[in-house]
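Build the full structure now, drawing on both the sequences and the hints.
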Amino acid sequence: MNKPASRIAAALLVLFAGLPLSGAQAQTYPTKTVRLITGFPAGGPTDLMARVLGEKLQAAWKQPVIVEARPGASGILGMELVKNAPPDGALLLIAPTNTLGVNPHLFPKLPYDPLKDFTLIARVANIDNVLVVNAAVPVKTMNDLAGFARAYPNTLTFGSPANGSQAHLAGEFLNLHYNVKMTHVPYKGMAPAINDLLGGQITMAFATVSTVLPHIRSGKLRAIGLPAKERNSSIPDVPTFAEQGIGGFEAVTWFLLIGPANLPADIAAKIRTSAQAALREPDLRERYRAFGADLPATPNEDLEGFLRRELGRWGEVVRAAGIKAN
1 MNKPASRIAA
11 ALLVLFAGLP
21 LSGAQAQTYP
31 TKTVRLITGF
41 PAGGPTDLMA
51 RVLGEKLQAA
61 WKQPVIVEAR
71 PGASGILGME
81 LVKNAPPDGA
91 LLLIAPTNTL
101 GVNPHLFPKL
111 PYDPLKDFTL
121 IARVANIDNV
131 LVVNAAVPVK
141 TMNDLAGFAR
151 AYPNTLTFGS
161 PANGSQAHLA
171 GEFLNLHYNV
181 KMTHVPYKGM
191 APAINDLLGG
201 QITMAFATVS
211 TVLPHIRSGK
221 LRAIGLPAKE
231 RNSSIPDVPT
241 FAEQGIGGFE
251 AVTWFLLIGP
261 ANLPADIAAK
271 IRTSAQAALR
281 EPDLRERYRA
291 FGADLPATPN
301 EDLEGFLRRE
311 LGRWGEVVRA
321 AGIKAN
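One point on numbering: in the numbering used here, the residue at position 151 of the sequence shown is 151, and numbering is uninterrupted.
Check each hint, because a few of them may be wrong.
Only pairs whose alpha carbons sit at most 25 Å apart, straight line, appear in this in silico PhoX-like list of lysine-lysine [claimed, not checked]:
| hint | residue 1 | residue 2 |
| --- | --- | --- |
| 1 | K188 | K109 |
| 2 | K220 | K140 |
| 3 | K188 | K220 |
| 4 | K56 | K32 |
| 5 | K188 | K324 |
| 6 | K324 | K109 |
| 7 | K140 | K83 |
| 8 | K32 | K62 |
| 9 | K181 | K140 |
| 10 | K83 | K109 |
| 11 | K324 | K181 |
| 12 | K116 | K324 |
| 13 | K116 | K83 |
| 14 | K32 | K83 |
What follows is a set of in silico ranges between Cβ atoms, one per label pair, in the way DEER data are often shown [said to hold, decoys possible]:
| hint | residue 1 | residue 2 | range |
| --- | --- | --- | --- |
| 15 | K220 | R280 | 35 to 41 Å |
| 16 | A277 | P86 | 24 to 30 Å |
| 17 | P236 | P108 | 40 to 46 Å |
Hints were generated in silico from the structure; no laboratory data involved. The C-beta atom is built at its ideal place from N, Cα and C for all residues, glycine as well.
Here's what the structure looks like:
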C-alpha cells in the first residue's frame with residue numbers, strides 16, 4: 001500500500017474505530033456490580049420496589065444488582081449521588097414524584113436539574129393515592145367535603161408525611177379548587193399521620209391505597225375520592241375525582257428509573273428493555289400489588305414530555321398555595 005493510501009486507511013480506522021464501541025458496551029453491559037439507589041429509608045415503597053426490580057435485573061444480567069438506600073434531604077442526597085456518577089450505567093436510581101416533579105419548585109438552590117442532569121430510562125411503577133376521612137367526619141363525597149369546608153372554615157385538617165410532600169400539595173390543590181381553607185398538619189412520615197387520623201386528631205389525609213386499605217375495610221376511615229384516571233381495583237366503589245367533577249387533577253405517585261446524564265443511548269435502551277421485560281413477569285406484578293404498586297399503562301412513553309407536564313402541574317400548585325420547603 002502506498003503512503004497516501006496508508007494514511008487514509010489509518011485515518012478511517014481512527015474515525016470509525018469508536019463507532020461500534022458503544023454497541024459493544026451495550027452487548028456486554030453490565031460488566032460489574034450495578035448499584036440501584038433509593039433516596040428514602042429501607043422498608044418504604046421505593047425501597048421495596050427497587051428490591052423486587054433489582055432481583056429481576058440481576059437474574060437477567062448475571063451481575064449483582066445491589067439496592068442501596070441513601071435517605072436524606074427529601075431524596076436530594078440520592079439524586080446528587082447519581083448526578084455526579086460516571087455515565088456508565090453502574091449507578092442507577094428509582095426516583096418518585098417528589099424528587100423529580102416537586103422538589104424543583106420547593107428548593108430555590110436545588111443541586112440538580114431534573115431534565116438536564118439525568119437520563120430518564122423508564123417509568124417502572126405507579127401507586128394510587130386516595131383521600132380518606134375519619135369515619136366520624138360527616139362527608140361521603142367530594143361535594144360533601146367542599147360544602148362542609150365552606151360551612152365550617154378552618155375546621156378540617158389534613159395530614160401529610162412532610163411539608164411539600166405530594167400529599168401536602170394535593171390537599172392545597174383542594175383548597176384552591178374549592179376556594180376553602182383546610183389546615184395542613186405536617187408529620188415526620190405517613191405512619192404518625194395515619195395514627196392521628198385514626199385517633200381523630202386530624203380529619204383527613206391523602207395516603208396510598210395499600211396503607212389505608214385495612215382501615216377502610218374496618219370502617220375506621222372512609223374513602224371519598226381517588227385522584228387517578230381510573231378506579232382502583234382494591235376499592236372499586238370509590239369514584240375518581242374526575243367522576244365527581246374535578247377534572248384534570250391526578251395525584252398518583254409515579255417512579256422513574258434514571259441514570260446520570262449522557263448515559264450512552266444503547267446502554268439506556270438495554271436497561272429499559274430489561275426493566276420492561278421484568279415488569280411483564282407475573283410474579284413481579286403480584287409482589288408489586290402486595291405494597292400497592294401497579295404497572296405504568298404506557299411503557300414506551302415520552303418520559304421527558306411526561307416529566308415536563310408533571311413539573312408544570314405541581315409547580316402551579318406550589319406557586320398558587322405559596323408552599324415553601326422547611
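Using the beta carbons of K220 and R280, state whether their distance is inside 35 to 41 Å or not. With a Cβ separation near 37 Å, K220 and R280 satisfy 35 to 41 Å, so the hint holds.
Sort out whether K62 lies within 25 Å of K32, counting only the CA atoms. Given that 25 Å is the threshold and the Cα spacing comes to 10 Å, the pair holds.
Is the hinted pair K116 and K83 satisfied, with a Cα-Cα distance of at most 25 Å? holds (10 Å)
Take the C-alpha atoms of K56 and K32, compute the straight-line distance between them, and say whether it is at most 25 Å. The hint holds at about 16 Å.
Tell me if the straight-line CA distance from K140 to K83 falls inside 25 Å. violated (45 Å)
Restraint check for K181 with K140, where alpha carbons must lie at most 25 Å apart: Answer holds: K181 to K140 is near 19 Å, not above 25 Å.
Against the 25 Å threshold, does the CA-CA distance of K188 and K220 hold or violate the hint? Holds, at about 22 Å.
Against the 25 Å threshold, does the CA-CA distance of K32 and K83 hold or violate the hint? holds (19 Å)
Does the Cβ pair P236, P108 satisfy 40 to 46 Å? holds (43 Å)
Hint consistency between K220 and K140 [alpha-carbon to alpha-carbon, up to 25 Å]: At roughly 13 Å apart (the allowed maximum being 25 Å), K140 and K220 satisfy the hint.
Take the C-alpha atoms of K188 and K109, compute the straight-line distance between them, and say whether it is at most 25 Å. Holds. K188 to K109 sits at ~23 Å (cutoff 25 Å).
Against the 25 Å threshold, does the CA-CA distance of K116 and K324 hold or violate the hint? holds (23 Å)
Comparing the model with each earlier hint shows a violation of hint 7 alone; every other hint is respected.
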